[in-house]
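Read top to bottom, the protein sequences are chains A and B. FYI, the numbering for the first sequence is 1 to 390, going by the working numbering. FYI, the numbering for the second sequence is 391 to 522, going by the working numbering.
Check the hints yourself; a few may be wrong.
Said to hold, decoys possible - With a straight-line cut-off of 16 Å between C-alpha atoms, the simulated EDC-like cross-links for lysine to aspartate or glutamate are:
#1 B/K480 <-> A/E254
#2 A/K324 <-> A/D283
#3 B/K432 <-> A/E254
#4 A/K161 <-> A/E256
Think of the hints as simulated: they come from the structure by calculation, not from any bench.
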Amino acid sequence: MAGKPLATIVSAGLSKFGRREGLYGRELFAEAAKEAYERCPNLIPKKNIKALFVGHMGESYEHQGHTGPTLADWAGLLPVQATRIENACASSGVALGLGVSAVFSGMYDIVMVGGVEKMTHRTTSDVTEFLAMASDYPFEQWHGITFPGLYALMATAHMHKFGTTEEQMAMVAVKNHHNGALNPKAHMQKEVTLEKAMASKVIAWPLKLYDCSLITDGASCLILTKPELAKKFTDTPVHIIGSGQASDAIGLYEREDITTIKAGKLAGQEAYNMAKVKPQDADIAEVHDCFTIAEIIAYEDLGFCKPGKGGSLVEEGVTEIGGKIPVNTSGGLKSKGHPVGATGVAQAYEIYLQLTGQAEKRQVEGAEIGLSHNVGGSGATAIVHIYRRG
Amino acid sequence: MTETFPFTIEQFYKFVSERKLMAAKCKKCGIMFLPPRPMCTKCFSSDLEWVELKNKGKLLTYTVIHVSPKQFESLIPYTVGIVKLEDGPKLPGMIQGVAPEKISVGMDLRVDFDTTIPSQWPTWPRYFFKPS
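Bound conformation, chain B alone (with noise of 0.2 Å):
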């Protein structure tokens, strides 16, 4: 079914309007990309397809923002990281609803949604992370 929608970063916060994480995966030789790519960077098959990954991680490293662009001031300090997915792909994002000094290296955490912000370029809905 997801395999008729484009391989493209608007895809991929569109999946994310509709809080769901998504992948492109390459039929081929089985890469998954996250960000998608139109063309497998690998094999350079275009035989790709979307999954759905689970919303669970590990945090891998994070910071905590004291200067930020004016876009993010009114939420400093604010604390972003990357995080490992459960299904393989690393992704970056904002840690919310835990002190700073609560969060550590290796802890669990899961994906949740902020829906309210449109889907049209350059503003996405966000994904985020949260403890599990």
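Bound conformation, chain A alone (with noise of 0.2 Å):
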């Protein structure tokens, strides 16, 4: 029987993902706080939620701090406490872990959690700048090596110790999209053949074009309750029943192994042992596929199959929709984008759309346990969740 819950999410919203022109990134934080306020009409925002924590990567890209308030503002929550989280590409699932122990310890009965990031209006080279920002800079980035370039190496290593092909990683990008273009919020509606895939401009080789997720301007929020309160405010909760977080050095060299990331799998088996469930209990999963290697290295960290038998996970459709463990039925950060500081929310609201039956096109019957799993920069810091339908 799966673990007890530690706090329970009531609603959810997501702004639309893409190309958002002439928006600040509050207003997509607005955006998406209505969506959560509308879903959840019993709850009385200023007055019921009592703290919010937000994900936001980068000051640079919008020349704009200090992002707590501000969300706090836009969502119509003032003076309620803001805390704004950076934990790189992690942020929001950072967010989404404080929230929930700040309801757990008792502290707040209501929280409001959520991300943002406004990307594209900067120009592709200064977007992969700051993001670089989320790696080692003496080391990595002083030396010309560049996000999708530390996954790469990742990539190689991979390749070179189990075998694992481009074509495959190319397969993670066929299903990525193929999930988005059934997601009216994803960036990318739009199916993408494996020839299309590899035959895709090299960005960081083996990586290409269309083994990256997108540059996406986006916002993504909770409400999260104390688990007795719930049935007051929806007759659909999800509860969160494990939450599990690790660090490693920010240095990709600097670690063991680079063909897995170890604070993925240590933040797996923490969040596995407090949900008193195993990997193959999952019905649906969310994973960090900021790269396509990053899917097929997240199967392997969180149990899904064996070391080194990623790429064939994929290539056997196990993760497809309708196959034993959907990945990314949302379209992913591949597909669907990925806004840094929203993302790791913003894969909550996959799960609690599916975890209710309300994912629509992409719909997984029956799902009952749904993971989550967000990983900031190369893999420094890594957060599980572990979710059960109410």
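Using the hints, build the complex out of the two chains.
Written out as structure tokens, the structure is:
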């Protein structure tokens, strides 16, 4: 029997992901918050929500820091306490983890967690530079190692050690674009063929354009309550039953083994133990596919298959909708898009839709247990949450 | 002699400007740190020493970068990799003087130095790898 609820999701919101011209990040967050409020008419935001935890990675994009109170204001929550969390691409996964801790500790009955990033108004070169800030400056950035470069280093090592192929990586892109084409909020709602993915421009060999997630604008949020209060606000609660987070060296080169993300493995083990579930109990998962190799490594780190078998898992269709464990039904970072600060909670949003039967064309029938896996940088932060239908 | 130098990243790069590859070693537990750290993160001792490393290693993994920040655009495409040094520590950096198609995991590389860059934050002289 799965573990006891730590906190419960009673509502969720997600802005449309994509190129959102003419908008600031805070305006996207208001869009997400509005959806969460509309889903939950019994909630009086100003009265009920006692704290806001938001993920936001970079001041550089909008020349804007101090995001916590700014988003609290645009979400109509002033003067509630508001805190911005920065853990690179895991910022809002960590915001969710802290929100769960805040509720589970008894400090607050109801909190909002979320995240935001506005990226597409900047040039690719600028975005490449800003994202690289999540890696080690003096030994990685200074030597010209980009973010795709770091995952390419992992991919080369994985190919060399296990025989993983560029085709298998491209299959992750094909699957996630297929799912994203079913998601009206995805950035790129378009199928891609294996041939097209394989023929796309090289970004950091062996990674090509279609191996990389999208530069996207977007915002996400969830409303969490103490489990015993959830029924006041919704008939379809989703319980969070496991939350695990781990850290590793900032420099990829310092890690013992770069064919795995050790922090992801440790975070998964902690979350599984807390939730009292095993990898094979998960009915659906949203994993951090910032690059296609990252999804393959995530399968292995989360125990969906043995180390080195992630490439075969996608090739055999196990992680497609209709497969044994559908992964990234939302389209993932690959096709739904990756507004970095918003991603962790956007993954939780998809799990919430799936476990409450609201995922429309991409619905996985009868899903009871879900998992989300959010990685910061090249793996110095990883956080895993496990969810159960209430 | 070298024990009087601080165990900092800046000092590591000052050694690079003298064409030396140096790591910090904990005198108590023997662990080697590259980057150097002011405190041993295994046994928490501050009793450290600088040791000079041999300029040799094997390539663990590599990639060819085709999209970069502006600073590196003139070099595109360029190759970077992680090298396991003969003395133990691993180090990332550019691989020069060899065409990408001639590069393979496991190949022997040696460390060389570009000391033309001034040694002042945020720029440092660069070490790089080339075929031995």
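Okay, the hints, checked on the actual structure:
Between the alpha carbons of B/K480 and A/E254 the distance comes to roughly 7 Å, so the proposed pair stays at or under 16 Å and holds. For the given pair, A/K324 sits about 8 Å from A/D283 by alpha-carbon distance, which is consistent with the 16 Å threshold. Between B/K432 and A/E254 the alpha-carbon distance is near 14 Å, which keeps this suggested pair within the 16 Å criterion. In summary, the hint linking A/K161 to A/E256 is supported, as the alpha carbons are separated by about 14 Å, within the 16 Å threshold.
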